[in-house]
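K.L.:
Listed below are the residues making up each chain.
Number of protein chains: 2
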Amino acid sequence: MLTAIPAPDVSHGLNSHIRSTALRFRSGQLIFDEGQKATRWYEVVRGTVRTCRFHIDGQRHLTGFYFAGDVFGADHGYYSTAAEAVTDVLIECYRVGDITRESSPKPQLEGAVSMLFRAMSSAQRYQFIMCHRTATERLAAFLLCLHQQGGNNPRIRLPMSRSDIADFLGLTIHTVSRTFTDLARRGLIKVDGRHSVILIDKARLFRFAGEYHDNLLPRNGAEIHPAAELCLGNRSAA
Amino acid sequence: MLTAIPAPDVSHGLNSHIRSTALRFRSGQLIFDEGQKATRWYEVVRGTVRTCRFHIDGQRHLTGFYFAGDVFGADHGYYSTAAEAVTDVLIECYRVGDITRESSPKPQLEGAVSMLFRAMSSAQRYQFIMCHRTATERLAAFLLCLHQQGGNNPRIRLPMSRSDIADFLGLTIHTVSRTFTDLARRGLIKVDGRHSVILIDKARLFRFAGEYHDNLLPRNGAEIHPAAELCLGNRSAA
DNA sequence: CGTGCGCTTGACAGCTGTCAACACTTGTGG
DNA sequence: CCACAAGTGTTGACAGCTGTCAAGCGCACG
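Heads up: the sequence lines are chains A and B, in that order. Residues 82 to 319 in my numbering are what the first sequence lists, from first letter to last. Residues 82 to 319 in my numbering are what the second sequence lists, from first letter to last.
Incorrect hints may have been included.
[To be verified] Reference excerpt, derived from the structure (chain A facing chain B, CB under 7 Å, subset only): (1) T144; (2) V194; (3) L197; (4) H213; (5) G251; (6) H255.
What the hints contain is simulated information worked out from the structure, not anything from laboratory work. Ideal Cβ placement from N, Cα and C applies to all residues, glycine included.
Kindly produce the complete structure, drawing on both the sequences and the hints.
P.N.:
Written out as C-alpha cells, the structure reads:
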C-alpha cells in the first residue's frame with residue numbers, strides 16, 4: 082500500500098479461519114464505488130489496485146495504491162473511496178461480519194484501532210508532502226516508495242499510468258512527465274518504457290526526496306523523513 | 082475541530098463517569114509533544130488549541146484547530162503531533178486507561194473505530210484541497226469553516242495568527258495576507274483587525290471555496306463539497 | 001501497416017514563494 | 001504620557017514552478 086489508507090491488519094493468521102472468495106477484475110474495472118455500503122474488505126493477491134475519489138468539478142484524486150498482500154476497502158459504514166483495478170487483478174474478498182461479529186474478545190477491533198491511528202499519522206505526513214513539496218521531491222519520494230515496495234530492486238515497476246501518478250501526487254501528467262525526464266537527465270534514474278524505471282543514483286534521489294541517506298540519522302527518533310512518508314504499507318507495518 | 086484529527090467521541094454521557102483534571106495553559110505553551118507517550122486525551126473547555134508537526138528542515142505543519150467542546154490528543158501509543166495553546170486555554174484532561182480498560186463491552190472502542198474512519202475520510206478530503214485548490218479557495222473554505230464553527234455569526238473570530246493559518250493551509254503568511262486583502266477588495270469580507278473578519282457575501286465566498294450555495298444540490302449524496310471538507314468538527318459529527 | 005491512445009515536449013501565463021521594505025500593534029522603560 | 005523596540009502583519013517587485021494550451025512522438029493494438 083502507498084499511504085494514508087485505513088486498513089485493519091487482520092490478514093495474519095486470520096484468513097484461514099474466515100470465508101473468503103477469490104475474485105478477478107480486468108484492468109480499469111470498478112471493484113467498489115464511493116458511497117456504497119462497505120460490506121466487504123479485500124486483499125490483493127496479484128496485480129495492483131487504486132482507490133480514488135471523484136469531485137464535483139470532475140477532478141480525480143487517488144488516495145492509495147495496493148499491491149500483493151495489501152488490504153483495502155476496510156471502511157466503516159460506507160466506502161469513502163472507490164476502488165479500481167490498475168492492472169488485471171486477483172483479489173480475496175472477505176465479509177465485514179467475519180471481522181466484527183464472529184469473535185467474542187474482539188482483538189481484531191483493537192488491532193483495527195491501532196492500524197487506524199497509524200493510518201491517520203501516515204495521512205498527516207502525506208498532507209505535509211502535498212503542502213510543502215515540489216514536483217521533483219514528490220516524484221522522488223514516490224519512486225523510492227515503489228522501490229522499497231518492490232524489494233529494493235533497482236528496476237522499479239510502475240504498473241500505473243502517468244495519469245494515475247499525477248492524480249496521486251497532486252500534479253498534472255505534463256509535470257509528471259517533465260519531472261521523469263528531468264530526473265533522467267540529471268542521471269538519477271533511467272526511464273525504460275512506460276512501466277519501468279531503473280534506479281541509478283539512490284543516494285541522490287533520497288536527497289531530492291528531501292531525505293538524507295540511510296547512514297545519516299534524523300534529528301530525533303520521532304521525526305520521519307519525507308521520503309519515508311509515502312510508503313507505510315500495511316504489510317510491513319503490521 | 083478543523084479537519085483530519087482522530088478523536089473518538091467519548092465526550093457524551095461519559096465524562097461524568099471518568100476522572101478528569103482541569104488544566105490551564107497560557108498562549109503559546111506546549112500541551113504535549115510529538116512522540117511523547119499518549120497517556121491522556123483532552124477536551125477544550127475554553128480557548129483554542131492547535132496540533133502540529135515539525136519537520137527536519139524546520140517547516141511546521143498544522144493538522145488541526147480545536148475549540149470549546151472539541152477533543153484532541155486521542156492517539157494510540159505515541160502522539161503523532163504536538164499540541165499547543167493558541168490562546169490562553171482551559172482544558173479537561175482524561176487518562177487513556179479510563180476509556181480502554183474500565184468498560185467491559187467496550188462500546189467506546191467501537192465508537193472510536195467509527196470516529197477514526199470518519200477522520201480518515203476527512204483527512205482524504207483535506208488532502209484533496211491541498212493538492213488541487215488555490216490560496217483563495219483554501220482561505221475561503223477555511224473562513225467558512227470558522228464561520229460555521231462560530232454558530233454562523235457573520236463576525237468570524239480568528240484566534241490564530243496569520244502564521245498559523247499559513248501553516249495549516251500550506252501557504253506562506255504573505256500569500257495569506259494578500260488573499261485576505263484580495264477577498265476584502267472583492268467585497269466578500271471585511272477584515273476587522275488581526276483576529277476578526279466580517280462576512281459580507283457568503284454566497285460568493287462559497288463559490289470561491291469551490292462550493293455551490295446551500296440551495297444548490299451536489300451531483301449525488303456521496304459527494305461532499307470542497308468547502309465542507311475542512312470543517313468536520315468532532316462535536317457536530319458525533 | 002495504419003490508427004489511436006498515452007506520453008513527451010515546448011511556449012506561455014498565472015500563482016505563489018522569496019526577498020525586501022514598511023506599517024501597525026503591543027509591551028517596556030523612562 | 002511619550003519614546004522606543006520587538007513582534008506581527010501588509011505590500012510590492014521579482015523569479016521560479018507548475019498548469020494550460022498546443023503540437024508531435026511512439027508504442028500498442030487492430
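K.L.:
Identify whether the interface hint at G251(A) stands, where standing means a beta carbon of chain B within less than 7 Å of its own.
P.N.:
Because about 3 Å separates G251(A) from the closest Cβ in chain B, which is inside the 7 Å limit, the hint holds.
K.L.:
For the hint on H213(A), does the least C-beta distance to chain B fall short of 7 Å?
P.N.:
holds, 6 Å
K.L.:
At a threshold of 7 Å, is the proposed contact between H255(A) and chain B supported by beta-carbon distances?
P.N.:
Where the cut-off is 7 Å and the nearest Cβ of chain B is about 15 Å from H255(A), the hint is violated.
K.L.:
Would you check whether V194(A) satisfies its interface hint, that is, whether its CB is within less than 7 Å of any CB in chain B?
P.N.:
holds, 6 Å
K.L.:
Mind checking the CB of T144(A) against every CB in chain B and telling me if the closest is under 7 Å?
P.N.:
holds, 5 Å
K.L.:
Take the shortest C-beta to C-beta distance between L197(A) and chain B; is it under 7 Å?
P.N.:
holds, 4 Å
Checked against the numbered hints above, the structure breaks only hint 6 and satisfies the rest.
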